[in-house]
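2 protein chains.
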Amino acid sequence: MPMSTLYDAIHSRRDVRAEFTGEPIAEDALLRILGAAHAAPSVGHSQPWDFVLVRDHDLRGRFVEHVRTEREVFAASLEGERAETFSRIKVEGVLESSLGIAVTYDASRGGPAVLGRHAIADAGLYSTCLAIQNLWLAATAEGIGVGWVSFYREQFLADLLHVPAGVRPIAWLCIGPVSELRTTPDLERHGWRRKRPLEQAIHLDRYGALD
Amino acid sequence: MPMSTLYDAIHSRRDVRAEFTGEPIAEDALLRILGAAHAAPSVGHSQPWDFVLVRDHDLRGRFVEHVRTEREVFAASLEGERAETFSRIKVEGVLESSLGIAVTYDASRGGPAVLGRHAIADAGLYSTCLAIQNLWLAATAEGIGVGWVSFYREQFLADLLHVPAGVRPIAWLCIGPVSELRTTPDLERHGWRRKRPLEQAIHLDRYGALD
Numbered sequence: 072m073p074m075s076t077l078y079d080a081i082h083s084r085r086d087v088r089a090e091f092t093g094e095p096i097a098e099d100a101l102l103r104i105l106g107a108a109h110a111a112p113s114v115g116h117s118q119p120w121d122f123v124l125v126r127d128h129d130l131r132g133r134f135v136e137h138v139r140t141e142r143e144v145f146a147a148s149l150e151g152e153r154a155e156t157f158s159r160i161k162v163e164g165v166l167e168s169s170l171g172i173a174v175t176y177d178a179s180r181g182g183p184a185v186l187g188r189h190a191i192a193d194a195g196l197y198s199t200c201l202a203i204q205n206l207w208l209a210a211t212a213e214g215i216g217v218g219w220v221s222f223y224r225e226q227f228l229a230d231l232l233h234v235p236a237g238v239r240p241i242a243w244l245c246i247g248p249v250s251e252l253r254t255t256p257d258l259e260r261h262g263w264r265r266k267r268p269l270e271q272a273i274h275l276d277r278y279g280a281l282d
Numbered sequence: 072m073p074m075s076t077l078y079d080a081i082h083s084r085r086d087v088r089a090e091f092t093g094e095p096i097a098e099d100a101l102l103r104i105l106g107a108a109h110a111a112p113s114v115g116h117s118q119p120w121d122f123v124l125v126r127d128h129d130l131r132g133r134f135v136e137h138v139r140t141e142r143e144v145f146a147a148s149l150e151g152e153r154a155e156t157f158s159r160i161k162v163e164g165v166l167e168s169s170l171g172i173a174v175t176y177d178a179s180r181g182g183p184a185v186l187g188r189h190a191i192a193d194a195g196l197y198s199t200c201l202a203i204q205n206l207w208l209a210a211t212a213e214g215i216g217v218g219w220v221s222f223y224r225e226q227f228l229a230d231l232l233h234v235p236a237g238v239r240p241i242a243w244l245c246i247g248p249v250s251e252l253r254t255t256p257d258l259e260r261h262g263w264r265r266k267r268p269l270e271q272a273i274h275l276d277r278y279g280a281l282d
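In the order they appear, the protein sequences are chains A and B. Mapping the first sequence onto the numbering used here, position 190 (from 1) lands on 261, and the numbers just tick up by one. Mapping the second sequence onto the numbering used here, position 158 (from 1) lands on 229, and the numbers just tick up by one.
Calculated directly from the structure, the hints in this document are not laboratory data. For every residue, glycine included, the Cβ atom is placed at its ideal position computed from N, Cα and C. Certain hints may be false.
Derived list of chain B stretches under chain A, where covered just means 3 residues or more per stretch with a C-beta under 8 angstroms from a C-beta of chain A [what the hints assert, rightly or not]: (1) 144-157; (2) 181-193; (3) 214-225; (4) 229-239; (5) 266-280.
Between beta-carbon pairs, the in silico distance windows are [stated by the list, open to error]: (6) B:Glu251 x A:Ala280: 31 to 37 angstroms; (7) A:Pro268 x B:Gln226: 26 to 32 angstroms; (8) A:Ala192 x B:Ile160: 18 to 24 angstroms; (9) A:Pro268 x B:Ala184: 20 to 26 angstroms; (10) B:Gly279 x A:Asp99: 21 to 27 angstroms; (11) B:Leu275 x A:Lys161: 25 to 31 angstroms; (12) B:Arg126 x A:Ser148: 38 to 44 angstroms.
Start from the sequences, fold in the hints, and give me the full structure.
Structure follows, in structure tokens:
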């Protein structure tokens with residue numbers, strides 16, 4: 072089991088698009104990564120997530136075709152420098168990665184009375200995202216890259232993977248060995264958006280009151 | 072900087088209610104923890120999160136009073152064994168912890184065209200949750216406990232902390248040194264709900280097809 076420190080994993084983790092090698096993921100590493108996701112906290116201990124491992128090339132091909140259409144939809148909304156900058160940015164590595172993992176959220180899991188969800192309907196959705204971050208960090212510690220693709224419509228992905236009504240696809244993760252993890256996030260490197268200083272995100276006692 | 076391995080942090084992390092000691096959090100540890108949260112991935116590199124550190128005791132007192140009312144709302148929805156089991160479960164450590172951290176989500180950050188969000192409106196919400204999990208794991212590596220309280224209404228918390236319209240409170244985290252981290256999650260220990268086996272959460276190519 073890799074001994075990467077937590078802070079190393081947090082700070083070296085990247086959202087990978089271009090650096091996948093396509094080599095297979097070792098089965099024991101994959102199980103540790105999924106086990107890390109499954110160890111995430113969840114509202115009412117509901118563990119409402121599922122992981123659909125997409126190895127099939129035909130399914131991935133159909134997905135990437137849809138993603139390219141959605142990329143064009145977004146590109147068409149941009150003008151001038153934004154359009155120009157976006158045209159240089161790769162947004163997915165669906166076919167180059169070793170595996171797709173679709174993460175889903177089942178709102179009925181642990182029901183009908185999910186402890187801690189009566190007042191916040193989205194709390195189960197939040198739990199699913201916590202599992203995704205565990206997965207991402209564990210992969211990083213294993214030397215494996217992850218890229219979250221979000222240029223798709225939920226219903227398309229639900230239909231593609233036979234996800235039943237009442238279960239929502241939350242993420243498509245491209246995952247696999249990488250040639251390197253970049254030091255600077257892609258969107259910063261390509262001039263899309265700069266990092267916000269941490270101190271601007273910290274408030275004291277009331278929103279807007281800087282610490 | 073603590074050298075805990077990633078997997079140690081992931082598997083020893085607990086959702087803390089009863090074990091807070093109330094001792095202060097060292098400033099350098101708190102900054103590392105918030106820095107870890109701020110290093111999370113985000114859709115379009117939008118970093119849409121903010122952290123309101125709630126030290127004020129009056130604010131925390133008003134929050135906990137609201138939480139107790141919501142606890143009663145949930146309790147009233149339960150019957151028989153569920154009501155009995157729930158009555159023994161502590162759901163928050165707002166006053167016993169050293170600090171409250173309200174995490175918020177600003178949908179306008181990085182707008183109007185957030186790269187990767189045109190097709191999935193909730194993508195920025197997901198990013199905020201990834202930051203919360205980084206925070207939680209970093210705290211664990213620092214020997215500091217975190218408990219996510221979800222027995223509250225978003226609008227109450229928004230009003231309490233002067234969170235402006237368009238920004239959503241996503242979590243209230245109780246944070247501080249702890250006497251210990253339990254081995255078994257509270258809700259499992261108290262008989263609320265058992266852990267689901269990992270293999271049930273893994274599907275191959277299509278939802279419902281077990282790996």
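Status of each hint after checking the structure:
| no. | hint | in the structure |
| --- | --- | --- |
| 1 | 144-157 | holds (count 6) |
| 2 | 181-193 | holds (count 9) |
| 3 | 214-225 | holds (count 6) |
| 4 | 229-239 | holds (count 5) |
| 5 | 266-280 | holds (count 11) |
| 6 | B:Glu251 x A:Ala280: 31 to 37 angstroms | 34 angstroms, holds |
| 7 | A:Pro268 x B:Gln226: 26 to 32 angstroms | 30 angstroms, holds |
| 8 | A:Ala192 x B:Ile160: 18 to 24 angstroms | 21 angstroms, holds |
| 9 | A:Pro268 x B:Ala184: 20 to 26 angstroms | 23 angstroms, holds |
| 10 | B:Gly279 x A:Asp99: 21 to 27 angstroms | 25 angstroms, holds |
| 11 | B:Leu275 x A:Lys161: 25 to 31 angstroms | 28 angstroms, holds |
| 12 | B:Arg126 x A:Ser148: 38 to 44 angstroms | 43 angstroms, holds |
Of the numbered hints given earlier, the model fails none.
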